[in-house]
Structures are given as C-alpha cells and as structure tokens.
Amino acid sequence: MTSLPQTADVVIIGAGLMGCSTAYELAKRGIKNIVVLEKNAIGSGATGQSSGVLRGHYSYPILTRMAVQSLETFKHAKEILGNDVGYQPVGYMFGVDEENIETLKKNVKMQQSNGVNTRIVSKEEVKKEIWPQLDTDQFGAFAFEPEGGYGDPVLTNQAYADAARALGVKIKQYCGVHRVITSEDGSKVVGVETVDGHTVFSSCLIVAAGIGAHHLMKNVGVNVPVKGQRAQLVYISPGTYMGRVPSFGDFKHDQYIKPEVSSGHLLLGNADHANPQYIDPADYDAGNYPRHATEEAIEKAIVKFLSCFPTLVQSKLISSYSAAYEITPDGIPFISSTPIEGIFLCTGFSGHGFKITPSVGKLTADLVLEGKSRQKGIDLAPFRLTRFEENDLLEPEHPYTTTVNRHV
Amino acid sequence: MKIIVIMKQTFDTEEKIVIENGVIDKENVELIINPYDEYAIEEAVKLKEKHGGDVTVITVGTDEAESALRTALAIGVDHAILVEMEEDAVQLDENGIANVLATVIKEKEFDLILGGNMSVDNGASQVGPRLAEVLNIPHIATITKIEVDGKNVKAERDAEGDVEIIESSLPILVTAQQGLNEPRYPSLPGIMKAKKKPIQKLSMEDLDIEEELLQPLSKIVECYLPKKKPSGRILKGDLSNQVEELVQLLCHEAKVI
Ligand SMILES: Cc1cc2nc3c(=O)[nH]c(=O)nc-3n(C[C@H](O)[C@H](O)[C@H](O)COP(=O)(O)OP(=O)(O)OC[C@H]3O[C@@H](n4cnc5c(N)ncnc54)[C@H](O)[C@@H]3O)c2cc1C
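Chains as they are written, first to last, in full-length UniProt numbering: chain A, 1 to 408; chain B, 1 to 257.
Some hints here could point you the wrong way.
[What the hints assert, rightly or not] The list that follows gives simulated cross-link-like pairs (lysine-lysine, DSS-like), each with its CA atoms no further than 25 angstroms apart:
no. : chain 1 : residue 1 : chain 2 : residue 2
1   : A       : Lys32     : A       : Lys188
2   : A       : Lys316    : B       : Lys48
3   : A       : Lys300    : B       : Lys197
4   : A       : Lys300    : B       : Lys196
5   : B       : Lys236    : A       : Lys172
6   : B       : Lys201    : B       : Lys26
7   : A       : Lys32     : A       : Lys128
8   : B       : Lys236    : A       : Lys170
9   : B       : Lys197    : B       : Lys229
10  : B       : Lys196    : A       : Lys316
11  : A       : Lys28     : A       : Lys78
12  : B       : Lys48     : B       : Lys151
13  : A       : Lys316    : B       : Lys50
14  : B       : Lys26     : B       : Lys16
15  : B       : Lys195    : A       : Lys300
16  : B       : Lys108    : B       : Lys154
17  : B       : Lys48     : B       : Lys197
18  : B       : Lys2      : B       : Lys48
19  : A       : Lys316    : B       : Lys197
20  : B       : Lys193    : A       : Lys300
21  : A       : Lys316    : A       : Lys252
22  : A       : Lys170    : A       : Lys188
23  : A       : Lys172    : B       : Lys228
24  : B       : Lys195    : A       : Lys316
25  : B       : Lys46     : B       : Lys151
26  : A       : Lys316    : B       : Lys193
27  : B       : Lys196    : B       : Lys46
28  : A       : Lys172    : B       : Lys16
29  : A       : Lys172    : B       : Lys229
30  : A       : Lys316    : B       : Lys46
In short, the hints are calculated from the structure, not lab data.
Bound conformation, chain A alone (with noise of 0.2 angstroms):
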C-alpha cells in the first residue's frame, strides 16, 4: 500500500462514484498529484447500496442532458474506463395516472429534443411486447426508452477507481478525515487531518463525501444542508419467469420496479417521499441507523405490486433492507464552490446520483479547474451551494401533479 503524502494537488474526501469519477476526470486532464481518502471501503456509502436504474426521464432539461451524456459512459464502459459497468439495456418504463398524461407527453418530447431515446408507447404495446402480467388498466399512459434499464453502481465505482489509479491517482481506504484545516482567517484551503492524526497539505479540496460532507463542512463554519434519508427496500421473486422485463418507474403508485437479470428477482424501492424519515448525519457517520426495512414498508411494497401485477399470486418475498439517500432540501445536488477558498463541494445526489455519475465528473474538474461548466447545455448554477439563500432554486419544466417525488 502506497504512504499517504504529506502534500497534493487536490485532495478528494469519499471514494464513493462521485468521488472516483472525479478523480479520473482530473488525472485525465493531466492533474498529477491527487489523493482520495476513504474512511470506509470503496463504494462503501450511498454507493453500495444503489438500486442503480439508469433513465434519461426526468422532468428537469439539465438532469436529462446529464443523463444523456453519461449514457455513453455506461454503454462503452470498457473501452472508456477499461472495465464493464454491468450496464443491462432492459429498457425504462415510466409509467403516469390519467391526469399526468399530458405532462408525460411534454416531459418525452423535452427528452427527446434532448437527445434520450424514448416515445410513448400504447397500453395495448406495454401490454403485449413489454410487460404482460402489468394490470395496464389502471395506468394513464407509458414512456418507454430501450436503452434504460440499470447498471451496477460499485462497478461502476470500482471501475473508476481502476482508471483514476492507473492515471496516478492514490486511493486510500480506512483512511477518514477527521477534519478540514483552513487558514487561521478561515478563508482558505490549508489540507485535510486524517483520523490516525496524519495530515495531507493542499490548497484544493473536493468534499465528496456523501452524507459526510455535513460535519465536515460544518467545522469550517460552512453550512451544507444534506442529510440522510431512510430508504427501504424489498426483493421479491416474482414466482414465475417473466423474461425480459424493463426497469419500471410506476408513478401512479409512486414506486419503482428493477428487474434482475441474473436471478429474475424484482427490486421494488418506494418513491413516495411524502413523509420523509431522516438520519441524523452524525447517526450515519457512526453507522447508527437502521438497516432493515419496517413491516409497514414491506407491506405498503406488496400492496402496491400486487396491484399492479395481481395475478402473480406466486410472488415471495426474498429479503428487505434499508439504506440511506444523501438527501438535499431541493433533491438536487451540489457541485459548488464554498465560501472557503479551495473547497468544493460534489454531494447531495439525492437518490438519482447513479446515472449522471460520468457527467457529474466532468462538470466537477471543469468546476475545480476552470470555475465554470465545458459540457454542453449544463449550467453549474443551479447545483450552487447559494441557492437557498439567494432563493433562486431549480424548477422542473414540467412538473408531475401527483408524485411527491423529487427525484424525477
């Protein structure tokens, strides 16, 4: 295992996606000294237990243009990053209630102008090529995209991680910072103190460090309202063989559906996030938190597919569990400068981090290296830290009525 050195070009808090993908991004461009430091494992956080649905659906212009671009990534995984990501085209559904039919037909046609593959397919379509046991009945309309589906988020993680360190990039695990070290004025950067007491000199800081990132901006003075969110989550086996079905995100009944490949097992993760359960950053950091999902969650899941699909009587319940998102107020992250010179902010992905992880490493070195966004039709605004203060918060073009979801 290499030393940690005593200073760096840029040191990166979290060896999460965003973390790593960062790294690479910046040894791309030929930034030569980077250290990532770790206090866990290597997609240990919000990471490892990612439902990892990729969609280019959302009703936000800029997450979609960030979709788009990071889909490439996903598709040529091996040879961008010389290793597979477990991309699986399935295809993405979303499905919407009768009263959100016109809004699902701006937000596809916004898609599309936008570069996603998708269109709006019939019930009767859905019904006989896409999903035959989904009650479609109940549905208003469906979007489907061929090229959705999921990917497995740790090897995408590790993936990067490979290719940031065969560009030079130290990566150390079981290494937590236990603080940020400024200026005696505050003002800047000065490094970073591990928790075995060692300390890592550098004028450039990336805080990339999930829920973490809360505390360890707090002992800075600086104020980055990202918290945890309880998510829970059920497998199921759907008791019979389906074949290929797609990722589902059912907003007539606010959940979502991926399918796995390998075992024909259903994951089934709720997106009604109208009453939130939150865990305390410093709960999280401890590991202080739930790990199972409560019998009213698994129920609620139930109750919900078995409505969609009421004739697979034979589904069973495999397991359960629950994880935490890095929740934001506005679900929209931060890619940020600070108050602090020096420090940047690459957090608060809010549950949909997964697929815009490669876009999200770019943005991020343009945003270190050269203080404004390179990538096409993606403005870094609307992830500034400021934004609550300045009132100034992004707005989904068009906005669905019944979800309380922010993540779409």
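We have chain A; now place chain B with the ligand onto it with these hints.
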C-alpha cells in the same frame, strides 16, 4: 397430525451488533425468526402438507415477537400463540422458558413438537430437551431428516459430523439442524393474509405458573464481542527465505511451536 413448533425471535447475527454495558443494544437490530426455528417451521408445514393436520407455533417474548409469528403464519402455519412478557420483566432462562412452554402445551393435543436445535443469540440448546423432559416425552436433537409413518418416527441426527439413525414413536419432540430442509420464502399474498389472522395472546398471569419453576438455574455473567483479529501479513522474498521467516514467526511471535 397435530404439530407444535416452538419458536424464538432473535436479532440478526449477520448485522452489526453493539454491546453497551454488557447488554446488546436493541435500537437498530433486525429481529428475525431464529434460523434453526425456520427449519422447524418449514418441516412442520411440509409434514402437514404430507399427512394433513395442523401446525401451531408458540413463542415466549415481548409484543415485538408478533412479527415473527406473522411470518410463520405467512409460511403456512395455522395457529399462533404469543406468551407475552413485559419488556422489563425478569429474564427467564432456558429452564423458565421450558416450563412456560410446557404449561401452554400441556393443555393441548399434540403428536409432534419441533424446535430449533439452538438459538443464534444465546446458543444454549436447552429449551427443546428441557421441554421434552417436563412433558415426559422422548426427544431427538439436531435432526437432519425425519419420517413419520403412523406412530413411528425415524430420524437422522447430526452427531458432530456422524449421522445417527434413531427410531422412536409419537408423541415426540425433535430439534432441527441445518440441512433438514430449505425453508421456503413467504408468498406476498400469504404475508397479506397473515396480517389478518388472529394471534392468541397469553400473559404470565393467565398461565399462573409456580414461582419456583421460573427461577433461573443459570445466569449470563458477561457478554462481549469476539476480539478483533489482527491483520494478516504476507511474507515476501524467495521461498526458502519465506519458510525461514515463517518458522521464526511461529516460534517467537505467535509462540505456537
Ligand atoms: C437505496 C438507494 C437507491 C438508489 N438508487 C438509485 C438509482 O436507481 N439510480 C440512480 O441514478 N441513483 C440511485 N441512487 C443514488 C446514488 O447511488 C447516489 O447518489 C450515489 O451513489 C452517491 O455517490 P457519492 O459518491 O456522492 O456518495 P457515497 O457513495 O455515499 O460516497 C461518499 C463516500 O465518502 C466517504 N466518507 C464520508 N465521510 C468521510 C470522511 N470524513 N472521511 C473519508 N471518507 C468519508 C463515505 O464512506 C463514502 O464512501 C440510490 C441511492 C440509494 C441510497
């Protein structure tokens, strides 16, 4: 055939366990059916499917144990009984639990009692055999196979790696070892139906058991996590150097030779 399963709800030992002041912190633990009891439930349901009859599952625990009973109902158990203990009640040991279970079971008709061979939390392996003693029926522990033919019972038991074949007769108590079966997953409609099934609740007052029978015969003196293993070391250099170094380390550092 009338079958009774004795079951315990335990915490999931695959999750992170925090011990504070000698007690396990229950805050974020996941409560599950003791895995060995899952084999017992599965076998009971299989025997019922084969021979007819019904299965009753009994547990002694707090109201939290209701979820474990519901899971058993979802898997195919017919009746569930919860002997409810207050959270802060005096802890019963295996002797006390066996006597509580015996008091409930004595009032019932039964041919076969199934349980797990041990619980993954305390690992005492005592409740089953003690219960059989109190009920004055034979028992076979750690079984990996059971056949019932009329009154005759033939079981295979795991005797520390050997297989013993034992013949006996109903009524009998057996405890399940890993390998007995592959527990099924509950069906989603089954889970929903189980939510509505009644659970019979008994309190300790209802049972009115003599104090003396509940006195603990054992106590837990200390509870601690296993020591962390120090990290391993990879020896370098050519083979003969590695061997030499290894011998040195075994003699002087590990002191095993
Ligand atoms: C249950 C769940 C399902 C999801 N499903 C999807 C999905 O279907 N599609 C999608 O696009 N997105 C999904 N996401 C979102 C996506 O997975 C996350 O947004 C993404 O993984 C975030 O990556 P990250 O690198 O920002 O955070 P993390 O993976 O949390 O990485 C942060 C890292 O920082 C480390 N760290 C923290 N503090 C310190 C410190 N002081 N010192 C050193 N290291 C530190 C942590 O250990 C961690 O490894 C889901 C998320 C969850 C939780």
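Any of the earlier hints contradicted here, and which numbers?
-> 7 and 9
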